[in-house]
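Protein chains in written order, with our numbering: chain C, 1 to 161; chain W, 162 to 549.
If you are wondering where the hints come from, they were derived from the structure by calculation, not from laboratory data.
Hints should not be assumed to be uniformly reliable.
[Said to hold, decoys possible] Simulated restraints, written as ranges between beta carbons of each label pair:
1. C/Tyr86 with W/Tyr222: 51 to 61 Å
2. W/Thr496 with C/Asp10: 31 to 41 Å
3. C/Tyr141 with W/Gly348: 49 to 59 Å
4. W/Trp213 with C/Met1: 26 to 36 Å
5. W/Arg356 with C/Val147: 33 to 43 Å
Because the structure is a prediction, the values reported are computed rather than measured.
Each residue gets a CB set at the ideal place from its N, CA and C atoms; glycine is no exception.
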Amino acid sequence: MDEILEILADDARLGADEIAKLTGKSKAAVAKEIAGYEKDGTIVKYKTVINREGLTEADSFVMAVIEVGVMPQKDLGFDSIAERIYSFPEVKSCYLLSGTYDLLVLVEGQTMQTIADFVASKLSPLPHVRSTATHFLLKKYKEDGVVLKKTKSRKRLNIAY
Amino acid sequence: MTQRIAKKVASMPPSGIRAFFELVLGMKDVISLGVGEPDFVTPWHIREKAIWSLEQGYTSYTSNQGMIELRREVARFIERRYGISYDPKQEILITVGVSEGIDLAMRAILDPGSKILIPEPSYVSYEPMARLAGGRPILLPTRIENGFKLTPDQIDAVCRKEKNIKAMLINYPCNPTGTSYTRSELGALARVIKRHDLIVISDEVYDELSFDFDHTPLAALPGMKDRVIYLNGLSKGYAMTGSRIGWACGPDDVLAAMTKIHQYTIMCASITGQMAGIEALKRGSRAVQDMKREYMRRRRYIVDALNEIGLECHMPQGTFYVFPSVASSGKDGMTFAQELLKQQKVALVPGVAFGKSFTHHVRIAYAASYEDLKESVRRIQIYLASGS
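Take the sequences, apply the hints, and build the full model.
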C-alpha cells in the first residue's frame, strides 16, 4: 500500500503537513495525492473506531452476523441482490464469500427484536434470498485491526542505554 | 579484610550518569525518549511460539553453543541476506544478547595490555568490558561535523602512532549516533584494518534498521571474514530485547575460545528465548519491515523538528537514535537533560554517557509513538523558550 494511505489508515487525523514531515515529501505533493485518492474513491471516508461498550443505555445496540444464501441472477450475478440488501441502513457491512453461503451481512439494531423484525420482514422475503442464519454478536474484541480493550500502560523502563 | 573488591573492578569508573538514571526512574508520567529498545512488543507469532514451547515442556538446557536449529536459521539468514557462509556447527554461537557476545569476544582475544580501538561516542559497555578483559582501550573520537563517521586515515594514524594494536571494535548502525557506513566506506575501512592486521569485533545489532542503504556486514568484504567477530541478535530489529538472544559468528578458533568462556559462565541462552528466535528468523521479516518503516517516518520527523527548534541534529542512517547537539541552548547536555526532566518531564540521555567529550550532546531515542514525539518536541520548545 502507498505510504500515505498506510499512514492515514492508521490515523486519519493527520493532515498533509504532518504526513509531509513523516514521508519527506512536500506538503503540496501529499495534499495532491490525497485529493487524488479521494476523487478516485480509493479513500472512501474518514471514520473513528469507537468502543461502545462503555456508553450509556440509550446508545446501546445489538449486532448480528447473518449468513445469507441467495440465488444469483442471470447476467447480474450477486451484485444486484447484494445492493438490495446493503442499501438497508441496518446493514453495516456486507461481503460476498466463497463457501456454504453467499453473503455475510452485519446488521445493527437497538434491540434483538429490531433485528429479528429486520430478518423476518425485510431480508428473508426478498426474492432470490434462499436462506438466512442469524448469529447475535456477544462481544467485540478487535475491529479493523484495532483491539478495543484499552491496553495496559507500557512495561518498558523509562531510561536505559 | 583489606580490599574486598578486586582492583580491576574497583577501578572501573561507575557510570557518571547513574544519579540521573535514578532521577528518571523515580519520576512518574514521564515521556521517555531515553530507552534503548523498541517501543513495539515482540510480534505475536513469536511470543506465541515461546508460549507453545513452554506448554510442550521445552524447559531444559540446550547445547552450549545454542540449539542447532537456531544456529542453522542464523546461518541461513546470513547467507540469504548477505551471502556469507558460516558453518552452524563451528562458526556460530548463540549468546545472551549481543552484550554477552561483546564480553566473550573481548575476553577471548585480549591479553593483559592488548590494545583495542574503540570509537567514541559509543555504546556504554565496550570500554569497561575491554578493561575488564585486561585490554587497553584506545578511543577513536568521531564528530558531528562528519556525521560521526570513522575515517580510514584516522585509524591508520592511530595504528602508526600507537604500534601493536591488536583489535578494533566497530558498531554500525551506531548507538548513540545512528551513523552507518556504505559498502564502499566499509571497503576503505577494511583496507586499513587489513594493513594493520587488526581483529575486529563488529557489533551490527541494528542491521535491520539501516534506512538509507542496504546494510553490509564487515565480514562480507573480501578478505575480512577471517578477522571479524560478527555480532548480531534479535533485540532491536525484532523487538525482542527481553528474550536476550544474540549470536556471534567468526573464525572457528575464535569461536571455540568464546564458547569455552560461555560454557563455564552462561552454560546456554534460555531455551524459551531460543525457540522464539527460531520463529523470528523463519517468519519474522515482515514484522521487522513494518517496524522499520515506522522508525523511518519518525526519524524524518524528529530530525526536522529538532533542527527547526535550533538543536543541531544530523540525519542518521539507521537505529532509532539521534544525537543532537544542545550547545545552542547555552547548556551542557547533562544540565539540559536534568532541567528538561524536572521542568517538562521528558527523559533523554546526556551525551556524556557515551563518551566523556560529548558534553553538549544528548541521545534521543525516537522509539516512541508519533504523539509522544510531537508532545516532546513541544515541551523541549517550551523549555528552550523559558531559558532557565
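Okay, the hints, checked on the actual structure:
1. Restraint check, C/Tyr86 to W/Tyr222: a C-beta distance of roughly 59 Å satisfies the suggested window 51 to 61 Å.
2. In this structure the hint that W/Thr496 and C/Asp10 lie 31 to 41 Å apart at CB holds, the actual value being about 37 Å.
3. The hint said 49 to 59 Å for the Cβ distance between C/Tyr141 and W/Gly348, and at roughly 52 Å that hint holds.
4. Between W/Trp213 and C/Met1, the C-beta spacing of about 31 Å keeps the proposed range 26 to 36 Å intact.
5. At roughly 56 Å, the beta-carbon separation of W/Arg356 and C/Val147 lies outside the given 33 to 43 Å, and the hint is violated.
Checked against the numbered hints listed earlier, the structure breaks hint 5 alone; every other hint is satisfied.
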